[in-house]
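Student: Those protein sequence lines, which keep their order, are chains A and B.
Quick note: the first sequence uses our numbering, first residue 1, plus one each step.
Quick note: the second sequence uses our numbering, first residue 1001, plus one each step.
Calculated from the structure, these hints are not laboratory results.
Among these hints, one or two may not hold up.
What the hints assert, rightly or not - Taking lysine-lysine pairs in the BS3-like style, the calculated list, with each CA pair at most 30 angstroms apart, reads: (1) A:K28 <-> A:K151; (2) A:K101 <-> B:K1038; (3) A:K103 <-> A:K28; (4) B:K1161 <-> A:K151; (5) B:K1205 <-> A:K103; (6) A:K101 <-> A:K151.
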Amino acid sequence: MAFLQIAHLEKSFGTTRVVRDFDLSIEKGEFVSLLGPSGCGKTTVLRMVAGFETPSSGAIAIDGRDVIALRPNQRHIGMVFQAYALFPNLTVAENVAFGLKVKRMPADLRAARVREMLALIGLPDLGNRYPFQLSGGQQQRVALARALAIKPHVLLLDEPLSALDARIRVSLRAQIREIQRELQITTIFVTHDQEEALSISDRVVVMNGGVAEQVGTPFEIYNRPATRFVAQFVGTLNLIEADVIAPATGTVRIGTTEVSLGRPLPAGRVTLACRPEAVSLGAAEGRPLLLWAEIGKVEFLGAVIRLRAQAGRTALSLDMFNRPDTPPPAAGDRVQVSISPADLLVLEA
Amino acid sequence: MTDATLAEPVAPAPVAPAPVAAESPAPRPRRTAALALKWLGVAPFMIFALLFLILPTIHIVLGAFQTPEGAFTLRNLAGLAVPQVVRPFMLSIRLSLLTAGLGCLIGLILAAAVTRGGLPGWIRDAMLTFSGVASNFAGVPLAFAFIATLGRLGLVTVVLKEVFGINLAATGFNLISFAGLTLTYLYFQIPLMILIITPALDGLKREWREAAEILGASGAQYWRMVALPVLWPSLLGTFALLFANSFGAVATAMALTGSSLSIVPIILFAQIRGDVLQDPHLGYAIAFGMIVITGIANLVYIVLRSRAEKWVR
């Protein structure tokens, strides 16, 4: 049995069903992200695990123990909030020690644990400062130390990076992951930032309308999206309308080009999808789908250059590495692009 | 190469500053006029403050150190030490401490109930609206309202006696007494507390409670270790403000008790009015004493308030 088991979880506010038949199993030490747009129910799931919301139905078990009837202070869970939620009247050290003091840990052990936690988050000398004297990134690290100090069974992170600026966000998420790996603590991370979720997680749960649309590793979520929503929400996607002319062999016509995908397809019209990095400039072996396109925009993203092109009525984005010896085409250039059938996803209607 | 680079800032090319110079005088009168207009907007307040606060205060402070002939003296301040003045000061301080304390306690409970008690929103709106009105309802109308309800022939007194058989007078209650004045003062003290403490209670973030709870704290531990310490400067500050508010109130006490209850504002009034005890300069000294006490209370309020704001910003 999984360490954290969520089964058939439902939550309604009035007549609005916010979470529907949500199932999730998380192994001990695993880092799982709940990813989805605002209002998809990800924070509600997290708050039900924490005990701040009571499920309308369903079960939550931690280490085999049903926790639905337990109050938040009985669940032994650590939580980091989006807005830090440090106690403003307490110093950094007192904040970290709060949970230990409540549990009546002896003062000397408490002080040692606080020192250990502050060292873990890289702020060993800031114990005497008050929260208002810290930057946002420092406050969030203290909040993490406070949550970890009680040695919780499960760590919940509710969009902990969204209030921080981009650079701090990247470095802090790496630090969070490092600490999580070091402590091997089972973690649920809520975010609406796909890059954050894909970069930090063992597995990602993509949520939409209160439902888990797909649960998988970042590789699976990105490369083999299970639904149209997941495909469109995670990463950039090119959508290509095609007519299936031979369903058995999966031969489709795109404009005047015909190509076989090598797998059976439903008859009629389908939407094919591929990532920008699956589209190459020029013809290449193993890429039988060739399209002529006109370059619209050229965007420099550092190591990568993103080209926006128009192939007939299909808008395409394609990525190429930024190599000084290979200048990108200019806007207005007419180029040939190629796609491998293996990289084409067939989206449900 | 180096010389050329260094030379550039030292001798910059004369880049036609003329248009800028030609345009610059025009905005200045406009700015001055705009600034004058802004000052004109606050002029009524400044004039009012000068005529009815600053100049009278200076007059009182100077008068407290002067003889009727205008010579410097400390005799007026020494006059504050006589029992006839000390007793009213002590009575006023007792009354102010009691009404401020009760006002804080009851007001905090009511404000907490409407802000954090999960009651419907309209109750909060209604209470805040009522508090806005009641906190400014003082003086003769308030005294009359209490006489008309809790006086010897007041409506409540009569209803209690006729309907419920409770004789207020027999219980020892008398509106024209220390207890009666305390009760009357609470009518504006409690709403004032509600008005001031509600924003502070709103400032207690939900996440603090949730963070405390998930770290293992009970509701009582959260209030003891987080909420009350965060509120403490606001509570003490509001207590100081309520104290000052009560200490300076005169019209309500005057209208309710006449001169039967000697609190400081009433003896001050008697000194200046001059029916029996006319010594305006002793009156100035008494007023000076009141200024000092209310000034200290307001200073405490400002200091504690700024401390509270620092925490929750």
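Student: Please go over all the hints and tell whether each is borne out by the structure.
Tutor: Right, here's what the structure says about each hint:
1. A:K28 <-> A:K151: Distance ~14 angstroms between K28 (chain A) and K151 (chain A) Cα, so the pair holds.
2. A:K101 <-> B:K1038: Given that 30 angstroms is the threshold and the Cα spacing comes to 55 angstroms, the pair is violated.
3. A:K103 <-> A:K28: Distance ~24 angstroms between K103 (chain A) and K28 (chain A) Cα, so the pair holds.
4. B:K1161 <-> A:K151: Violated: K1161 (chain B) and K151 (chain A) sit about 65 angstroms apart, past 30 angstroms.
5. B:K1205 <-> A:K103: 23 angstroms, holds
6. A:K101 <-> A:K151: This hinted pair holds, its Cα atoms lying about 13 angstroms apart.
Comparing the model with each numbered hint stated earlier shows that hints 2, 4 do not hold.
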